[in-house]
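Number of protein chains: 2
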Amino acid sequence: MKYSQIFTKTDKNAKQYDSVNATLLIKGGFIDQTMSGVYTFLPLGNRILRKIENIVREEMDKIGVEILMPGLSPKEAWINTGRLEEVDNLFKVSGANELSRRFNSAEYILNPTHEEIVTPLAKKFRRSYKDFPFALYQIQTKYRNEARPKSGLLRGREFIMKDLYSFHTSIEDFREYYEKVKQSYWNIFEKLGIKQDTVLAAASGGTFTTEFSHEFQTKCDNGEDLIFQVPSTKEAFNREVASSKAPEVPQDSEMKKIEYKNEPGVIGVEDLCRVFNIEANQSVKTLIFETDSKEQPVVIVALRGDYDINEIKLMKIISCTKIRLASDEVVKRVTGAKIGYAGIVNLQEGVPVYLDDAIEPLINFECGGNRTDYHILNVNWGRDVEKPKKFYDIKIAKEGDLFCETNEVYDTFKASEVGNIFPLFDKFTKVLKYTFIDKDGSEKPILMGCYGLGITRVLGVLVEKCHDENGIVWPYAVAPFHIQLLHIGDDGYKRAKELERELETNGFEVLWDDRDDISAGEKFVDADLIGCPFRIVVSDRTLSQESVEVKKRNESESSLVALSDLIPFLKV
Amino acid sequence: MKYSQIFTKTDKNAKQYDSVNATLLIKGGFIDQTMSGVYTFLPLGNRILRKIENIVREEMDKIGVEILMPGLSPKEAWINTGRLEEVDNLFKVSGANELSRRFNSAEYILNPTHEEIVTPLAKKFRRSYKDFPFALYQIQTKYRNEARPKSGLLRGREFIMKDLYSFHTSIEDFREYYEKVKQSYWNIFEKLGIKQDTVLAAASGGTFTTEFSHEFQTKCDNGEDLIFQVPSTKEAFNREVASSKAPEVPQDSEMKKIEYKNEPGVIGVEDLCRVFNIEANQSVKTLIFETDSKEQPVVIVALRGDYDINEIKLMKIISCTKIRLASDEVVKRVTGAKIGYAGIVNLQEGVPVYLDDAIEPLINFECGGNRTDYHILNVNWGRDVEKPKKFYDIKIAKEGDLFCETNEVYDTFKASEVGNIFPLFDKFTKVLKYTFIDKDGSEKPILMGCYGLGITRVLGVLVEKCHDENGIVWPYAVAPFHIQLLHIGDDGYKRAKELERELETNGFEVLWDDRDDISAGEKFVDADLIGCPFRIVVSDRTLSQESVEVKKRNESESSLVALSDLIPFLKV
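Residue numbers (our numbering), protein chains in the order written: chain B, 1 to 572; chain L, 1 to 572.
If we strip away everything but chain B, and leave its shape as in the complex, we get (with noise of 0.2 Å):
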């Protein structure tokens, strides 16, 4: 094809975007952002995003059938599951001027994802032992009201995923499709050729299950997760659920006299560390928060200054499904104080204490005074303030932190998701009503997984892996042309167009760039920003060896293959 004819030219001068894959993708025409989170893709992204699709489609064939649903669900469906007003990016859509909604008023949901609509599909269909296990797949566009796009593709409020949904009749049967899925994606990130630096990370299983679902996380400079890898097993974890340990900080050997200070306003950690001269990790923060266990409806928690709260670990251990930070009026009813003054000394009695490990080690610490403008300084276990019986892991975790099981410091580092499976046992099922009919006539329920694969995102996270400074690199298998074909000087021009056709019969997609009316150097600069495979150039120089230079996009020398050896060298 001519670059002529892409429709798209390169733009040098587009700005610096909050992402490498939006700066990029954008200066190489590749995408245009239609509005924040809301991209077109241009001929040069389309043909990639086809590509990936394909690669997708051939490894879930395997596994499962293709369909489409559609993006419009009735408000019902997600009333039925009681997610209309909990999803907190769901769009809806409604007629948009008088007219439209003149003769229709009705709203409908723009669907960020199908459990809704997927599982009284199958509901319609298969009812009975014989008809399981089944799996469905989508490739298909997903809306989002993302409060803050961010990300370039990573994080849009219009994107393209592949989202797989399978169906079982036992638990032993969900766990084996599981781990063929598992098998999937790697095949699938095998051929993107991202598949060496992608690892699988235990991550939140939702506030309905205490297992955990699993992504595919891509190693990447700019990620936007933190991975916890365990040295010696490989095992890894999202940040969101990575068992933590901090490391030891060293105490004071003797116990200091308490003292209790009046500081009006001194609130939060950072606050109270400049006004008292103390490090972080020897203060201990008091939160109180409101639960929807019937049980516990409030618990103080503390943790070490240092740290941040983990609300998915705190809920696990109080078995609920949603906490919020208590008000002030439930503050003061705990704790006798304003908010920014709870401490762990002298509680009210009856009201649930966790207390996370790492601050089990201090010694001397500081805690609020659970009294207004109070803080209590060189606090000690035992002294002042009992020493639980158990100690919790409610922290978030942070590098340089041990994995709690075998004491090892983690191995950290950024990753992007590229893939996510999620076990959802019977959540839409059961309030769907989903059974089915076993052998023996009776009605059973039914198990579900859900797997999703962001075609766009992917798109993103290549171009976060495979770029240099000069632009990106793109694999073999997803890149928009195999070769980049560059002509000098007439001869050259005539024997490039001869070539491209040669080189497109023979299977190679061939990107000419016929422009006449830019410098050679401009065309080997957007060559690299573009970044095919390989750049091919023909000229006089070349010709009167017979030959043409080629060089591979991930290499930097390039080197004189004679035309007569061009195929063979090229399919190597």
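Worth double-checking, as some hints may not be accurate.
It does not matter which identical chain is used: a pair holds within one copy or between any two.
Claimed, not checked - Below, computed lysine to aspartate or glutamate pairings styled on DMTMM-like, alpha-carbon distance capped at 25 Å:
1) Lys51 to Glu66
2) Lys316 to Glu76
3) Lys27 to Glu469
4) Lys398 to Glu329
5) Lys124 to Asp514
6) Lys9 to Asp197
7) Lys389 to Glu107
8) Lys398 to Glu311
9) Lys123 to Asp517
10) Lys75 to Glu107
Honestly, the hints are just simulated from the structure, not real lab data.
The hints should help you fit chain L onto chain B, whose structure is shown.
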């Protein structure tokens, strides 16, 4: 592929929908209705969609380049073209619940078409005369707030469309490309097997041009359009723009005495024909319209009672872009009577009158009395009302009408639109200030065309076109599978298993009905319903002759084909 793997089952008890395509596609398990006007494409349907897409893509790639624009667009894009309040099926998108709106309360448009997106996009990349012409297309999902979705896949609220947009620097270049697109569409319809039953019909060019747009209309018993074709030239017109001359109706030879009738409450042609015992074609109905024309803000229009007003024709005559039936007040002012009693006798001076040419030959006709509760019988030209110098064609054509230019009676037939090509000229480029820089450095206007082809609609029309009383009869090029394979008996099962692989190795797509819980008879019925081009049965009986039974879906007789001849037989 095994039938047990395609997820769906046929549903012979499925209800009758309002169209053949909905009924057969749902019955056969090709699609599922998610809600009114919104469908899920099940595995069988999805395979067909993909085939249609690929046929379309193959042709489009010859005359344009593929991109993918988003479903969402900013409201501003629609404000810029003035269409935010104008497009009567426009959908908007906003946060569906409080959580969602809390962080982003913005509203977006869910695109029903993409001129608002593609024009600014083109403007970003192509400004020099050297950049033209060019054309961009996409295959993408559209959303329209249809007042009343109907006819299955023919008119939905969500559908897949191929939309192509072309940009030109001269009218000659535009016209040349327009012809190229026509040819491209003919190639597509030929591949889809419907070319011979499809006509290119002129249709309205919209309010901004007096030129026609063109629709590809496929003859179809349940088609939603009525096409008027000139027998001698084969020129075809959509009803909305078919010029029409009414066939002659016998008239009295002498004028009768005029009669003024006081009949309170007799309003409308049907009513007064009954009361006065006359034919509708002997009555004249008079309508008052308000328009957006400065010179003619109100016009009087009269038609023969058996014809309806064609507003498109009327607007062209008046040179206005909007009309509506006049308010009670305006009617009262113009006619001196309440609505329902307007006539063409004793009209107020100064209001323009447009009379349809079907009323010119009338003798002793009825019309309203321009006085509340009064009608007049036996009105005559010359005697009772001055005969105007000019009559107009402002009626909606009816079956039996004549083509004005040649006085031939039109051939009329029902048809379904499968494609539509539209000269936009400078409608969007002008308002969006998209100009090009010519050789001499001057800025000049750009002309546009847009060209639609509904992928899901074509699927629906194919079913409307290609079915019999037993089910669908898919054209080979789009059939979900080429062959439906059935076995009878244990040997049949074993041989079918081998045959499936053999046929697939030879490039055939095979749906093997491997179900063991239904009878052979039911499988035969299902095979007809699903409608693959070939049905192959392998049984002990056929095997005893080293043969299989082959039946083409569009033939009634099956034949015994030796296994050794099968592949060549099928390839014919």
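Numbers of the earlier hints that this structure fails to satisfy, in rising order | 2, 4, 6 and 7
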